[in-house]
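> In order, the protein sequences belong to chains U and C. 205 is the number that numbering that gives the first Met the number 0 gives to position 206 of the first sequence; each next residue is one higher, with no gaps. 74 is the number that numbering that gives the first Met the number 0 gives to position 75 of the second sequence; each next residue is one higher, with no gaps.
To be clear, the hints were calculated from the coordinates, so they are not data collected in a lab. These numbers come from a predicted model, not from an experiment. Careful, some of the hints might be misleading.
Each pair may be met inside one copy or between any two copies, as identical chains are not told apart.
Using 30 Å as the maximum straight-line C-alpha spacing, the simulated BS3-like pairs for lysine-lysine come out as follows [said to hold, decoys possible]:
#, residue 1, residue 2
1, K136, K175
2, K129, K351
3, K129, K320
4, K351, K106
5, K176, K106
6, K42, K320
7, K280, K347
8, K103, K347
9, K136, K347
10, K347, K197
11, K320, K347
12, K347, K129
Number of protein chains: 2
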Amino acid sequence: MPFEFDILASDSSSNARVGRFQTPHGTLETPLFAPVGTQATVKAMRPSDLHDLGASLILSNTYHLYLRPGHKLIHEMGGLHQFMGWNGPILTDSGGFQVFSLSKTRKIDADGVTFQSHLDGSHHRFTPEKSVIIQEKLGADIIMMFDECPPHDKYEYVEQSLVRTHAWAVRCRNVKKRDDQALFGIVQGGIFPDLREKSARFLKDMDLPGYAIGGLAVGETKAEMAAMIDVVNPILPDEKPRYLMGVGAPEDLINAVLRGVDIFDCVLPTRLARHGSAMIKGGRLNLRNAQYERDPSPIDSTCNCATCMQFSRAYLRHLVKANEILAHMLLSTHNLHFLISLMADIRKAIRKDKLQDLAGEILQHYPDAPQL
Amino acid sequence: MPFEFDILASDSSSNARVGRFQTPHGTLETPLFAPVGTQATVKAMRPSDLHDLGASLILSNTYHLYLRPGHKLIHEMGGLHQFMGWNGPILTDSGGFQVFSLSKTRKIDADGVTFQSHLDGSHHRFTPEKSVIIQEKLGADIIMMFDECPPHDKYEYVEQSLVRTHAWAVRCRNVKKRDDQALFGIVQGGIFPDLREKSARFLKDMDLPGYAIGGLAVGETKAEMAAMIDVVNPILPDEKPRYLMGVGAPEDLINAVLRGVDIFDCVLPTRLARHGSAMIKGGRLNLRNAQYERDPSPIDSTCNCATCMQFSRAYLRHLVKANEILAHMLLSTHNLHFLISLMADIRKAIRKDKLQDLAGEILQHYPDAPQL
């Protein structure tokens with residue numbers, strides 16, 4: 000049955016679990032990391048490349064697709080799955096975050112947000128209803144409520160914003176028509192435990208098929224992020240998937256999994272790739288560095304991704320320095336493989352009840368992250 | 000035996016032939032089209048993607064690799080095949096053409112050419128000996144003589160230049176050490192039949208493992224190009240492969256094959272791809288055009304490349320407009336497949352003695368090209 004979430008295994012000493020989430024385009028095994036395909040393409044990756052990596056869920060951005068090429072066009076072309084050639088599950092965000100982070104100017108009122116396109120400065124308006132209608136035209140398996148993503152550390156503003164976001168959540172649910180799409184709620188509340196609690200309770204009462212935690216990884220400390228998850232997750236129902244939006248640093252992933260989060264997405268792996276940076280255990284490898292100029296070894300000799308199986312750091316450095324597209328392709332492959340196989344390792348560890356060992360191994364490299 | 004060239008089939012009504020050329024990294028079937036990997040990468044293509052397309056020979060540019068990352072570095076990293084992860088045959092050009100077309104300034108004398116890097120303006124000097132030494136370090140299967148590529152239509156200059164180019168050819172042969180590389184001569188002579196004849200005779204007498212025709216596709220008419228090939232090819236020995244440098248337009252390929260050319264290379268398919276243009280029978284399809292905005296059909300419904308099997312013109316247009324890397328990847332795949340499968344069709348037609356039919360079909364679309 001679509002959107003059924005089954006917990007297959009639980010960690011005995013944390014809230015981590017392995018789950019299975021059914022969608023109309025296939026079953027997701029959680030915890031999982033979803034590559035981001037902002038403009039209906041995960042940058043520098045063919046859909047078949049993503050499939051080969053073991054990617055299961057792809058995120059795409061409503062704000063970008065609305066502006067270009069337009070949700071109606073994508074609908075006419077058979078929907079987002081067919082348009083981008085990805086037949087697996089897709090999640091679209093609501094456009095809320097981008098309206099606040101990318102638009103040149105924006106004006107928010109109780110009913111919605113008027114904003115300017117980052118492409119051409121043209122004026123547009125999103126309301127909760129509009130966001131859902133756009134997402135229904137795009138046709139993703141998981142769609143998100145339209146929310147405000149307020150400055151995380153301004154209590155009074157966040158408190159008022161939460162009233163609006165909750166009213167918008169109800170409006171999103173009320174306007175939603177398609178039953179082959181799961182509408183996830185988004186818990187907001189900045190870095191304030193009482194507001195996060197309030198938001199989680201409000202959305203829990205709406206009895207939704209899944210819950211996201213929004214407004215984190217936006218400048219707060221790692222301890223604050225963990226504390227917010229610790230407030231929210233015990234309130235959110237265990238039998239529904241939890242999605243921490245915009246998080247992709249390994250130490251954040253493991254800390255959130257330990258706290259019961261199931262789904263993640265982040266532009267980090269593909270963005271780092273475009274900057275010539277490779278994700279490795281405990282850090283990053285900047286391939287622009289002169290030390291790799293004559294280094295015949297792969298990025299990581301223990302990695303079995305297509306890039307590490309064939310190409311040297313010296314070659315990758317050359318491609319980065321020469322600004323070759325292949326650099327983006329090969330580094331995106333490696334970085335996505337890094338996170339996708341990390342999540343596979345996490346699932347395996349939970350099933351074997353060995354997550355503490357894996358978490359300890361990962362977190363030792365990140366002294367500024369909360370430790371076990 | 001390396002560099003043995005066997006003619007497997009001949010067209011009864013033209014000079015076209017199907018050949019087999021042995022190299023240390025595999026056997027080439029001719030006529031063939033070689034994708035260009037200027038900086039040790041065919042832009043936006045993984046080596047495995049090229050393999051999947053049926054690419055057999057890859058060309059790389061000595062001038063570019065000498066400047067970045069340097070031939071010594073590539074040699075230390077195991078040579079060009081290992082460096083770029085392409086275990087099939089590779090051809091490097093001599094750097095001659097790039098010194099004349101890319102360098103900011105150049106000064107030519109009897110001994111060689113002093114030029115400025117297009118990257119940083121630094122000064123460098125190529126001589127015939129230097130070009131061969133660099134190419135030996137790179138380690139391609141086929142290497143090219145260092146030649147001057149003079150303005151094609153200045154008789155006196157071309158005549159003098161030819162003396163220099165022939166002297167350089169001898170110096171290249173004399174300095175060459177590796178016996179696992181075939182050194183091809185390059186016939187020059189601009190658009191002047193007597194000079195082309197002289198050049199072909201001179202190089203023929205050197206008894207080389209293969210012969211290139213250089214200095215064409217640089218602004219002369221298609222009739223002039225064909226006329227030059229008609230002068231040169233009857234002089235060059237039939238039992239050696241002939242390579243027309245820098246040619247990749249379908250009508251030029253078929254006309255040259257009819258005249259006995261075996262090998263081609265050109266940046267056209269990958270360059271067109273980066274400009275949003277797809278090669279189709281009889282022309283090109285500019286995906287920026289508004290008419291493809293909502294076009295659900297593939298570039299070419301009769302094409303079986305990975306791009307046409309999965310993606311619509313509407314999606315490709317979106318990727319091009321959004322300046323997505325995937326546009327370059329998908330269009331490069333299609334365009335390279337277009338030329339590589341055209342050459343496969345040509346080989347098949349020669350074997351069946353049906354080349355005239357195929358040539359007629361192709362040439363009808365290009366009224367400005369020489370017809371049968």
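> With identical chains, the pair K129 and K320 could be close in the same copy or across copies; at 30 Å between alpha carbons, which is it: within, between, both, or neither?
Between copies, since 25 Å is at most 30 Å while 44 Å is not.
> When no copy is specified for K136 and K347, does a C-alpha distance of 30 Å or less occur within a copy, between copies, both, or neither?
neither (37 Å within a copy, 47 Å between copies)
> At most 30 Å between C-alpha atoms: does K347 with K197 qualify within a copy, between copies, both, or neither?
neither (34 Å within a copy, 72 Å between copies)
> Given identical chains, is K176 near K106, meaning Cα to Cα at most 30 Å, within a copy, between copies, both, or neither?
within (28 Å within a copy, 73 Å between copies)
> Checking K136 and K175: alpha-carbon separation at most 30 Å within a copy, between copies, both or neither?
within (11 Å within a copy, 65 Å between copies)
> Should K103 paired with K347 be assigned to within, between, both, or neither, using CA atoms and 30 Å as the limit?
neither (44 Å within a copy, 58 Å between copies)
> Is it within, between, both or neither when you check K320 against K347 at 30 Å Cα-Cα?
Neither. Shortest intra-copy (38 Å) and inter-copy (42 Å) distances fail the 30 Å Cα cut-off.
> For the identical chains here, do K129 and K351 meet the 30 Å Cα criterion within one copy, between copies, both, or neither?
neither (45 Å within a copy, 61 Å between copies)
> How do K347 and K129 come out at 30 Å by Cα distance, when the copy is not named: within, between, both, or neither?
Close neither inside one copy (41 Å) nor across copies (56 Å); limit 30 Å.
> Give the relationship of K42 and K320 under a CA distance limit of 30 Å: within one copy only, between copies only, both, or neither.
Classified as both; 19 Å inside a copy, 14 Å across copies.
> Using 30 Å as the alpha carbon limit, work out where K351 and K106 are close: within a copy, between copies, both or neither.
neither (51 Å within a copy, 71 Å between copies)
> Quick one: K280 to K347, C-alpha cut-off 30 Å, is that within a copy, between copies, both, or neither?
For K280 and K347, only the intra-copy Cα distance (18 Å) is at most 30 Å; the inter-copy one is 51 Å.
The structure does not agree with the numbered hints 2, 4, 8, 9, 10, 11 and 12 stated previously, though it agrees with the rest.
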